[in-house]
Amino acid sequence: MKYLIQNLLKTIPVFILISLIVFVLVRVTGDPVSLLLPETATDAERESLRESLGFNDPLYMQYLHYMSDVVRGDFGESLRYNTDALAIILERLPATLELAIASMIVAILIAIPLGILSAMKRNTFLDLFITGGAVLGKAMPSFWLGIMLILLLSVVFQIFPVSGRDSLMHLVLPAITLGTGIAAEMTRLIRSSMLEILGQDFVRTARSKGLREAVVVNIHAFRNALIPVVTIMALQTSTLIGGTLITETVFAWPGMGQLLVQAVNLRDMAVVQAATFLIAFFVILSNLLADLLYRLLDPRIKYN
Amino acid sequence: MAATKLMEVEDLKVRFKTENGYVSTVNGVTFSILEGETLAIVGESGSGKSVTSLALMGILPSNGEVYEGEMTFKDKDLRKLSKKEYRGLRGKEISMIFQEPMTALNPVFTIGFQLRETIILHFKMKKEQAHQRGIEMLQLVGIPDAEKVMTRFPHQLSGGMRQRVMIAIALSCNPSLLIADEPTTALDVTIQAQILTLMRNLKKNSNTSIMIITHDLGVVAEIADRVIVMYAGEVVEEAPVYELFENPMHPYTKGLMASIPKVHDVVDDLYSIEGTVPNPADMPAGCKFHPRCPLASAECTKIRPELKQMNEQHAVRCIKV
Amino acid sequence: MNVVIEEKVTSNPNPVTKRMKKQAFRLLKSKTGMLGIIIVFFVTLMAVFAPVLAPFDPAKTNVVSRLLPPFWMEGGTTEYLLGTDNLGRDILSRIIYGSRISLMVGIAAVIVAGAIGMILGLIAGYYGKIFDFIIMRTVDSILAIPTILFMLIVLAVLGPSIPTLILVLGGTSWVTYARMVRSETLSVKERDYVRSAKAIGAKDFRIITKYILPNVISSFIVIATLNVATIIILEASLSFLGLGIQPPDVSWGLMLSDGRQYIATSWWVATFPGLAITITVLGVIFLGDWLRDELDPKMKD
Numbered sequence: 001m002k003y004l005i006q007n008l009l010k011t012i013p014v015f016i017l018i019s020l021i022v023f024v025l026v027r028v029t030g031d032p033v034s035l036l037l038p039e040t041a042t043d044a045e046r047e048s049l050r051e052s053l054g055f056n057d058p059l060y061m062q063y064l065h066y067m068s069d070v071v072r073g074d075f076g077e078s079l080r081y082n083t084d085a086l087a088i089i090l091e092r093l094p095a096t097l098e099l100a101i102a103s104m105i106v107a108i109l110i111a112i113p114l115g116i117l118s119a120m121k122r123n124t125f126l127d128l129f130i131t132g133g134a135v136l137g138k139a140m141p142s143f144w145l146g147i148m149l150i151l152l153l154s155v156v157f158q159i160f161p162v163s164g165r166d167s168l169m170h171l172v173l174p175a176i177t178l179g180t181g182i183a184a185e186m187t188r189l190i191r192s193s194m195l196e197i198l199g200q201d202f203v204r205t206a207r208s209k210g211l212r213e214a215v216v217v218n219i220h221a222f223r224n225a226l227i228p229v230v231t232i233m234a235l236q237t238s239t240l241i242g243g244t245l246i247t248e249t250v251f252a253w254p255g256m257g258q259l260l261v262q263a264v265n266l267r268d269m270a271v272v273q274a275a276t277f278l279i280a281f282f283v284i285l286s287n288l289l290a291d292l293l294y295r296l297l298d299p300r301i302k303y304n
Numbered sequence: 001m002a003a004t005k006l007m008e009v010e011d012l013k014v015r016f017k018t019e020n021g022y023v024s025t026v027n028g029v030t031f032s033i034l035e036g037e038t039l040a041i042v043g044e045s046g047s048g049k050s051v052t053s054l055a056l057m058g059i060l061p062s063n064g065e066v067y068e069g070e071m072t073f074k075d076k077d078l079r080k081l082s083k084k085e086y087r088g089l090r091g092k093e094i095s096m097i098f099q100e101p102m103t104a105l106n107p108v109f110t111i112g113f114q115l116r117e118t119i120i121l122h123f124k125m126k127k128e129q130a131h132q133r134g135i136e137m138l139q140l141v142g143i144p145d146a147e148k149v150m151t152r153f154p155h156q157l158s159g160g161m162r163q164r165v166m167i168a169i170a171l172s173c174n175p176s177l178l179i180a181d182e183p184t185t186a187l188d189v190t191i192q193a194q195i196l197t198l199m200r201n202l203k204k205n206s207n208t209s210i211m212i213i214t215h216d217l218g219v220v221a222e223i224a225d226r227v228i229v230m231y232a233g234e235v236v237e238e239a240p241v242y243e244l245f246e247n248p249m250h251p252y253t254k255g256l257m258a259s260i261p262k263v264h265d266v267v268d269d270l271y272s273i274e275g276t277v278p279n280p281a282d283m284p285a286g287c288k289f290h291p292r293c294p295l296a297s298a299e300c301t302k303i304r305p306e307l308k309q310m311n312e313q314h315a316v317r318c319i320k321v
Numbered sequence: 001m002n003v004v005i006e007e008k009v010t011s012n013p014n015p016v017t018k019r020m021k022k023q024a025f026r027l028l029k030s031k032t033g034m035l036g037i038i039i040v041f042f043v044t045l046m047a048v049f050a051p052v053l054a055p056f057d058p059a060k061t062n063v064v065s066r067l068l069p070p071f072w073m074e075g076g077t078t079e080y081l082l083g084t085d086n087l088g089r090d091i092l093s094r095i096i097y098g099s100r101i102s103l104m105v106g107i108a109a110v111i112v113a114g115a116i117g118m119i120l121g122l123i124a125g126y127y128g129k130i131f132d133f134i135i136m137r138t139v140d141s142i143l144a145i146p147t148i149l150f151m152l153i154v155l156a157v158l159g160p161s162i163p164t165l166i167l168v169l170g171g172t173s174w175v176t177y178a179r180m181v182r183s184e185t186l187s188v189k190e191r192d193y194v195r196s197a198k199a200i201g202a203k204d205f206r207i208i209t210k211y212i213l214p215n216v217i218s219s220f221i222v223i224a225t226l227n228v229a230t231i232i233i234l235e236a237s238l239s240f241l242g243l244g245i246q247p248p249d250v251s252w253g254l255m256l257s258d259g260r261q262y263i264a265t266s267w268w269v270a271t272f273p274g275l276a277i278t279i280t281v282l283g284v285i286f287l288g289d290w291l292r293d294e295l296d297p298k299m300k301d
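Residue numbers (UniProt numbering), protein chains in the order written: chain A, 1 to 304; chain B, 1 to 321; chain C, 1 to 301.
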């Protein structure tokens, strides 16, 4: 518990830095006034809006105002939708979470068996086949994979719908698209982690007990191999969410990612900021979660 | 000899596949283990003693294989067993403890889990029964608070305690043969003595044979009935423990004896055998010990000596005796 | 199906087949490095000699020959080997020109990222304390925002252009270098010979250039090479989302974004540029892996 609080406290500077980065990007480099007013507005009108929005205050005052808004969850109104930015984002969140979780499941289903298998059959053609597949998965841009999946499974064979989010069938292609890239990285990690563990003494002990090889590998070795994999995969949360931006655009998946790409193209900064903070929140949350999981998986840490 | 042979090893040869082809580390080892006896296998690291034990257990690393010879355990030809039959033997009929108690236990499972696992596997017991048996085993190996220790993880125990746990696991299915590979090497001197006493006492109360692998003649004197001295993948001398200490014949054995410090002697320099065990990929011709042997002559570089039976129980591989 | 057959071969105890298999495997393995070098070499040639190699001006539209299929298909002509896109532009020429952007942006961004990462990593590792705290927390913050989102925001604010793109790609990719350089610096700093050099009054600059940099450089080259692969994909992704390369410049990602619209009728518009990205990235990864094995044995898995 004490540890958890410590870790939560550690995230505060990270949040402050993120807010600074976003603040600098949005307030200092752009001129929001010109975005808010029509092109025909007079200089006097611009000046009065600038004054009323506090843009003539010193920068640190602006930052403090901005932060007090952020802390209260007020990111301003969306230019396009004319409603609270955070509310729009939250409305789209479930679709994105659905996609992210489905992709993670796809990735795990691919990576765990293949990673273990290639470690067990080290330096065989099967291993070469799997590691080669993992490299290919890394080299393929996900949007191209998505388009190719559409071409093959929607256009040629017409098994899955091209885009949208109406049924579970709609989820399949986006989840495979996003899951493959993650799986490629995960397979490689599990393989190297397993290779290290399989050489340890306790694996030999497990064999000397007369356990089946499947038990030795999948229980004794894998439980240990999982520890570094979980930690490194937590860092992939950021990649996973980044991936939703592209995957949602390819498949017109009505989630936060698609909204965000549109908002960026329209310079709808309120939405962009709200989404950035929310995403950073999720990434940090998942890192904390991974840390807890790490503790759960590795009993050596708890008591030290 | 009235006692029956539990394990017979005949001309065992083990090799490993490496980048540069096969390397043979055990080159025709013959010995047997009698029921109820403690046999010590002595040798420096690289003599092939650990590999021999892994071969008996059928758990050689994946690049190693027994390519010649016979291993017979209770009239079963071990080389002809299916994987499944071998598994049924391992941990039940033949069990093993290892040198490094710090790393031999799985760090992420409790002691209880690791004890129960073997018992459930071989005795087909229910979890509760196995747990009970686990506690009894821990008590047997002298662990206080056995019930509590069942819920502990390996890192929470000291090295000596972990080795006791390893012994408890190894003995939990009443094996006929316990192979102990340097069981005390990694432990403090006082703990070493405790573990040896424990093993001796346990043996007194059961009919388990022990094959103990060590480089430490002190351990041999402490526990063994009979000794085999190995050098470069071969048996160079075999004798009952008293006979060997009284009358070592092979120059290598003599060298090993001379390198033990004696309490009453005041010596400036401890004797040590010059050089190291030859690389298995590059064995000398003739007697493998000749480059390090103080008695070596021209003959020794040519003739490969046979194991000569000096009397009923004493055999030695040297042309000089 | 192949997999099952290989399995049987594996369990075959015949040592001769086993040995042959092992040799074949090692040959294949070393061949990936070779393949990487060949691919990178050809892509570089393509980029350098694009004006000579490309049969058409990549931006030249031709309404009459819109969406022509590749030459081997019905309706395709040998004039447009890989077909044409929705504006009648020659896809082969566009792929050849696209390699320029990919390589240029990739290499330039890696130089930016490497320079920032090296300097900040050295400062954090060598001077420690408050510098280390600020730099490492910045690293954490950047890692908490998905790279692609971070770049989208910057590009949205600054407007997309090639120099901005390079700066943004470099400005978000330096964290890997910084982490590696920092941890390497920390370990080298504590070694006896560095301590004694310090004790006899060697200047920081000298210690860094003489003791730390040589220890870092091979890992640095490996990371940089593999980073080129990541950046090529990122550039393509940004261009695909409309915030990277802008027309009339040619980028593989941009071509894919056009191709996405016509996937139902004209598969070739999206397929070939994607293939170009995949092959190029694969080549760079193979090259990087090979370099890692050669230069930096401790980084091997």
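Please keep in mind that the hints were generated in silico from the structure rather than gathered at the bench. Among the hints, erroneous ones may be present.
Ranges of calculated distance between the beta carbons of each label pair, as one might list FRET restraints [to be verified]:
#  : chain 1 : residue 1 : chain 2 : residue 2 : range
1  : A       : Leu-296   : C       : Leu-35    : 34 to 44 Å
2  : A       : Lys-10    : C       : Asp-57    : 52 to 62 Å
3  : B       : Thr-197   : C       : Pro-214   : 54 to 64 Å
4  : A       : Val-215   : B       : Tyr-67    : 26 to 36 Å
5  : B       : Ser-158   : A       : Leu-296   : 23 to 33 Å
6  : B       : Asn-279   : A       : Leu-289   : 27 to 37 Å
7  : A       : Lys-2     : C       : Leu-186   : 21 to 31 Å
8  : A       : Leu-285   : C       : Gly-128   : 39 to 49 Å
9  : B       : Asn-279   : C       : Leu-186   : 49 to 59 Å
10 : C       : Leu-53    : A       : Arg-122   : 23 to 33 Å
Just so it is clear, CB atoms sit at the ideal spot from N, CA and C, and this is done for glycine as well.
Consistency of the hints with the structure:
no.: 1; hint: A/Leu-296 <-> C/Leu-35: 34 to 44 Å; verdict: holds (43 Å)
no.: 2; hint: A/Lys-10 <-> C/Asp-57: 52 to 62 Å; verdict: holds (55 Å)
no.: 3; hint: B/Thr-197 <-> C/Pro-214: 54 to 64 Å; verdict: holds (55 Å)
no.: 4; hint: A/Val-215 <-> B/Tyr-67: 26 to 36 Å; verdict: holds (28 Å)
no.: 5; hint: B/Ser-158 <-> A/Leu-296: 23 to 33 Å; verdict: holds (25 Å)
no.: 6; hint: B/Asn-279 <-> A/Leu-289: 27 to 37 Å; verdict: violated (51 Å)
no.: 7; hint: A/Lys-2 <-> C/Leu-186: 21 to 31 Å; verdict: holds (27 Å)
no.: 8; hint: A/Leu-285 <-> C/Gly-128: 39 to 49 Å; verdict: violated (29 Å)
no.: 9; hint: B/Asn-279 <-> C/Leu-186: 49 to 59 Å; verdict: violated (38 Å)
no.: 10; hint: C/Leu-53 <-> A/Arg-122: 23 to 33 Å; verdict: violated (42 Å)
Going down the numbered hints, you'll see the structure goes against 6, 8, 9 and 10, while the others check out.
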